[in-house]
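Colleague: Take a look at the letters that make up each chain.
Protein chains: 2
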Amino acid sequence: MRYELYYWPTIQGRGEYVRLALEEAGADYVDAARQESGMAAMMRMMEAKNGTPPFAPPFLKAGKLVIGQTANILLYLGSRHSLSPKGEAASLWVHQLQLTVTDFVVEIHDTHHPLGSSLYYEDQRSEAKKRTNEFWKERVPKFLGYFEALLETSGGAFITGRRLTHVDLSLFQIVEGFRYAFPKRMKAFEHKIPRLVDLHDRVASRPNIKAYLSSERRIAFNEDGIFRHYKELDF
Amino acid sequence: MRYELYYWPTIQGRGEYVRLALEEAGADYVDAARQESGMAAMMRMMEAKNGTPPFAPPFLKAGKLVIGQTANILLYLGSRHSLSPKGEAASLWVHQLQLTVTDFVVEIHDTHHPLGSSLYYEDQRSEAKKRTNEFWKERVPKFLGYFEALLETSGGAFITGRRLTHVDLSLFQIVEGFRYAFPKRMKAFEHKIPRLVDLHDRVASRPNIKAYLSSERRIAFNEDGIFRHYKELDF
Numbered sequence: 250m251r252y253e254l255y256y257w258p259t260i261q262g263r264g265e266y267v268r269l270a271l272e273e274a275g276a277d278y279v280d281a282a283r284q285e286s287g288m289a290a291m292m293r294m295m296e297a298k299n300g301t302p303p304f305a306p307p308f309l310k311a312g313k314l315v316i317g318q319t320a321n322i323l324l325y326l327g328s329r330h331s332l333s334p335k336g337e338a339a340s341l342w343v344h345q346l347q348l349t350v351t352d353f354v355v356e357i358h359d360t361h362h363p364l365g366s367s368l369y370y371e372d373q374r375s376e377a378k379k380r381t382n383e384f385w386k387e388r389v390p391k392f393l394g395y396f397e398a399l400l401e402t403s404g405g406a407f408i409t410g411r412r413l414t415h416v417d418l419s420l421f422q423i424v425e426g427f428r429y430a431f432p433k434r435m436k437a438f439e440h441k442i443p444r445l446v447d448l449h450d451r452v453a454s455r456p457n458i459k460a461y462l463s464s465e466r467r468i469a470f471n472e473d474g475i476f477r478h479y480k481e482l483d484f
Numbered sequence: 250m251r252y253e254l255y256y257w258p259t260i261q262g263r264g265e266y267v268r269l270a271l272e273e274a275g276a277d278y279v280d281a282a283r284q285e286s287g288m289a290a291m292m293r294m295m296e297a298k299n300g301t302p303p304f305a306p307p308f309l310k311a312g313k314l315v316i317g318q319t320a321n322i323l324l325y326l327g328s329r330h331s332l333s334p335k336g337e338a339a340s341l342w343v344h345q346l347q348l349t350v351t352d353f354v355v356e357i358h359d360t361h362h363p364l365g366s367s368l369y370y371e372d373q374r375s376e377a378k379k380r381t382n383e384f385w386k387e388r389v390p391k392f393l394g395y396f397e398a399l400l401e402t403s404g405g406a407f408i409t410g411r412r413l414t415h416v417d418l419s420l421f422q423i424v425e426g427f428r429y430a431f432p433k434r435m436k437a438f439e440h441k442i443p444r445l446v447d448l449h450d451r452v453a454s455r456p457n458i459k460a461y462l463s464s465e466r467r468i469a470f471n472e473d474g475i476f477r478h479y480k481e482l483d484f
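So the protein sequences, as listed, match chains L and A. Under my numbering, the letters of the first sequence match residues 250 to 484, in that order. Under my numbering, the letters of the second sequence match residues 250 to 484, in that order.
Incorrect hints may appear among the rest.
Copies of the same chain look alike in the list, so a pair counts if it works inside one copy or between any two.
Result set (DSS-like, lysine-lysine): computed pairs, CA atoms no more than 27 angstroms apart in a straight line [claimed, not checked]:
| id | residue 1 | residue 2 |
| --- | --- | --- |
| 1 | Lys335 | Lys310 |
| 2 | Lys335 | Lys298 |
| 3 | Lys379 | Lys480 |
| 4 | Lys441 | Lys313 |
| 5 | Lys386 | Lys310 |
In case anyone wonders, no lab produced these hints; they're calculated from the structure.
Here chain L stands alone, though its shape is the one from the complex (with noise of 0.2 angstroms):
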């Protein structure tokens, strides 16, 4: 079965995380809204009038299946493709790991963001600062060095032991993200987070994912994503 992912196709987005997975996997999959026509089926899919419409991309048509909602999808994929464990307790946690991870990756939005997704930047670009501000000093630090403590006693090299799960991958993005979006104030905020330093360097250098960044199938960071590199907001 080759799976489609459908999602904004000019942006790395919350796509990434799912792309991120089926990489590491080696699914068969198509990144469906980047071929021809895949825009007006993913709309198309969006507003059909029975089975599972979602209420936004990303979503991943799996067989007969549309699922939508990144951690959802996260949750099917990682259980085919041990990306995540099995067990119920273990399922829970990892699932868990990553709706804390989706929370985050809301705030990290919304710094650009602050007074709602349907204004221009440039319409809001002083309530960014003091969101970016707000962002930098509380948030970053309380989401980060949660999950630097997991880290410290997972007792292995990854977020929950000795394997990698999804969680991991997108750590790595979160790492990834910061790094273009925020490079002088992640360069100052570094040294906080070793593990995760570490744990970013590990993903990117798996076989799987390392062909994958240097591949075109990897859409460049750009300011229509979620990490978007505004100078006045990196300081």
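Dock chain A against chain L, hints included.
Modeller: Frame of chain L; chain A shown alone:
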């Protein structure tokens, strides 16, 4: 087994989606942080150096399990208390909808805290007005319109058909919360979501929910929670 729910003791907040599920199910539970020494116990569990320390409340202690993230708790409770369907496809769909509610709840919260949750509302009042206007113009019609459309085609009285799920309970809470926080805006809007209003009434009249809502276990809405009534945001 008696569940222990851990959540901030003076607000409905995100804990309310779990409380409603526990109450509908008639489950044996204690609202732990509202008991003597409960808050201290909650903080200790979040700071635990091993096990599965949650990033934030709510979390549920179920025997040896400690489960965090609202939607994850409902995933667990749903399968045990007939508040979600069996079968992978239906289960993923219900979880996906709960995660969409989760996204909406973040945006509801951010109407009064667009610059960040560590700052006082009073220090972001003008930004809150802008965000609230954008929210009611763009986001409420999109989110509630989505759920209204699903109710129209569900083939039953509930969001996924003939059987109630935890998503229905959460949608009740959304309607109830909007009526509290934005009575004027909601009064003008409700004619667009007749099926959601019906669903709200149907949930409210279920015996266990009705008993709960009139009990002292239901904390009243207040201005420390997600749904806050500020006159200047409602017109």
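Colleague: All hints, please: hold or fail.
Modeller: To see whether the hints hold, each was checked on the structure:
{"no.": "1", "hint": "Lys335 - Lys310", "result": "both (23 angstroms within a copy, 20 angstroms between copies)"}
{"no.": "2", "hint": "Lys335 - Lys298", "result": "between (35 angstroms within a copy, 23 angstroms between copies)"}
{"no.": "3", "hint": "Lys379 - Lys480", "result": "both (14 angstroms within a copy, 24 angstroms between copies)"}
{"no.": "4", "hint": "Lys441 - Lys313", "result": "neither (45 angstroms within a copy, 32 angstroms between copies)"}
{"no.": "5", "hint": "Lys386 - Lys310", "result": "neither (39 angstroms within a copy, 31 angstroms between copies)"}
Figure legend: structure checked against the earlier numbered hints; hints not met, in rising order: 4, 5.
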